[in-house]
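From first to last, the protein sequence lines stand for chains G and F.
Going by our numbering, the first sequence opens with residue 1, and the numbers climb by one from there.
Going by our numbering, the second sequence opens with residue 111, and the numbers climb by one from there.
Hints are not guaranteed to be accurate.
[What the hints assert, rightly or not] Distance windows between CB atoms, simulated:
#, chain 1, residue 1, chain 2, residue 2, range
1, G, Gly53, F, Leu226, 46 to 52 Å
2, G, Gln14, F, Ser182, 42 to 48 Å
3, F, Ser182, G, Arg105, 30 to 36 Å
4, G, Ile13, F, Leu164, 40 to 46 Å
5, F, Asn180, G, Gly40, 24 to 30 Å
6, G, Asp38, F, Gln205, 22 to 28 Å
Read the hints as simulated data drawn from the structure, not as lab findings.
For each residue, glycine too, the CB sits at the ideal point set by N, CA and C.
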Amino acid sequence: GQQLNQSPQSMFIQEGEDVSMNCTSSSIFNTWLWYKQDPGEGPVLLIALYKAGELTSNGRLTAQFGITRKDSFLNISASIPSDVGIYFCAGYTGFQKLVFGTGTRLLVSP
Amino acid sequence: DTEVTQTPKHLVMGMTNKKSLKCEQHMGHRAMYWYKQKAKKPPELMFVYSYEKLSINESVPSRFSPECPNSSLLNLHLHALQPEDSALYLCASSQGRGGGQTDTQYFGPGTRLTVL
Numbered sequence: 001g002q003q004l005n006q007s008p009q010s011m012f013i014q015e016g017e018d019v020s021m022n023c024t025s026s027s028i029f030n031t032w033l034w035y036k037q038d039p040g041e042g043p044v045l046l047i048a049l050y051k052a053g054e055l056t057s058n059g060r061l062t063a064q065f066g067i068t069r070k071d072s073f074l075n076i077s078a079s080i081p082s083d084v085g086i087y088f089c090a091g092y093t094g095f096q097k098l099v100f101g102t103g104t105r106l107l108v109s110p
Numbered sequence: 111d112t113e114v115t116q117t118p119k120h121l122v123m124g125m126t127n128k129k130s131l132k133c134e135q136h137m138g139h140r141a142m143y144w145y146k147q148k149a150k151k152p153p154e155l156m157f158v159y160s161y162e163k164l165s166i167n168e169s170v171p172s173r174f175s176p177e178c179p180n181s182s183l184l185n186l187h188l189h190a191l192q193p194e195d196s197a198l199y200l201c202a203s204s205q206g207r208g209g210g211q212t213d214t215q216y217f218g219p220g221t222r223l224t225v226l
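Construct all of the structure, not just a fragment, from the sequences and the given hints.
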C-alpha cells in the first residue's frame with residue numbers, strides 16, 4: 001500500500017530553536033494533514049492543506065503542500081517544552097481512507 | 111466543539127472475555143472511524159461507518175465487531191482477543207461530506223487495551 005515516510009525519525013532540540021520536518025510519498029496526494037499526538041492520547045489536528053503549493057500557518061506552526069503533491073513540510077518556530085510529542089503527516093489514499101506517516105518524535109530540552 | 115469521547119480509558123481483558131469500546135461525538139458528523147495503534151507506530155484504519163452504514167472494513171478479524179447504533183455513537187465489540195491485539199484503539203469522526211478526501215477527521219483520546 002501507499003506509504004508516507006517522515007524524516008527525521010526523531011529530534012532532540014533546545015527550547016527556542018526552530019524545527020523542520022517533512023513527509024514524502026511515492027504517490028500523489030490531494031490533501032495533507034498534520035497531527036500531533038501526546039503519549040496515551042489521540043492525534044490532534046494541527047494544520048490541513050488542500051492545494052499544491054499552499055502555505056498555511058497556525059500560530060508558531062507553518063506547513064506547506066509540496067508542488068509535486070508528493071511531499072509536505074511542517075515547521076515549528078521558537079519551540080517550547082509543550083511542543084514535545086509525535087508529529088504525524090497524513091493523507092487520503094481513497095474515499096475516507098486516511099493513511100498516516102511514520103511519525104517524527106520531538107523532544108525539547110528546557 | 112470538536113470533541114470525540116471514548117470509554118473506557120483503559121481496559122484489561124482475558125482472551126475469553128467479551129467487552130465493548132464506546133465512542134461518542136455530538137458534532138453532527140456522519141462518518142465515524144475505528145483505528146488501531148500499536149506502540150511507536152502510526153494509527154491504522156480498521157473500520158469506517160458512513161451515515162450509520164459500514165462502508166470500509168480493512169480486513170479486520172471477526173473477533174472485532176463494530177456497531178453504529180445511531181449517528182452519534184460507535185461501538186467496537188471485542189471477543190476472544192489475542193495478546194497481540196493489545197493496542198491503543200482510537201475513534202474518529204468527520205463530517206462525511208464531499209469526496210471524502212477533504213474531510214477532516216477528529217480523534218478521541220483512545221482506549222488503551224491490554225489482552226492477557
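Structure-based check of each hint:
1. G:Gly53 with F:Leu226: 46 to 52 Å: With Cβ atoms ~51 Å apart, the hint holds.
2. G:Gln14 with F:Ser182: 42 to 48 Å: 45 Å, holds
3. F:Ser182 with G:Arg105: 30 to 36 Å: Distance hint for serine 182 of chain F, arginine 105 of chain G holds at roughly 34 Å.
4. G:Ile13 with F:Leu164: 40 to 46 Å: At 44 Å between Cβs, range holds.
5. F:Asn180 with G:Gly40: 24 to 30 Å: Cβ of asparagine 180 of chain F to Cβ of glycine 40 of chain G: about 28 Å, so the range 24 to 30 Å holds.
6. G:Asp38 with F:Gln205: 22 to 28 Å: This hint holds: roughly 25 Å between Cβ atoms.
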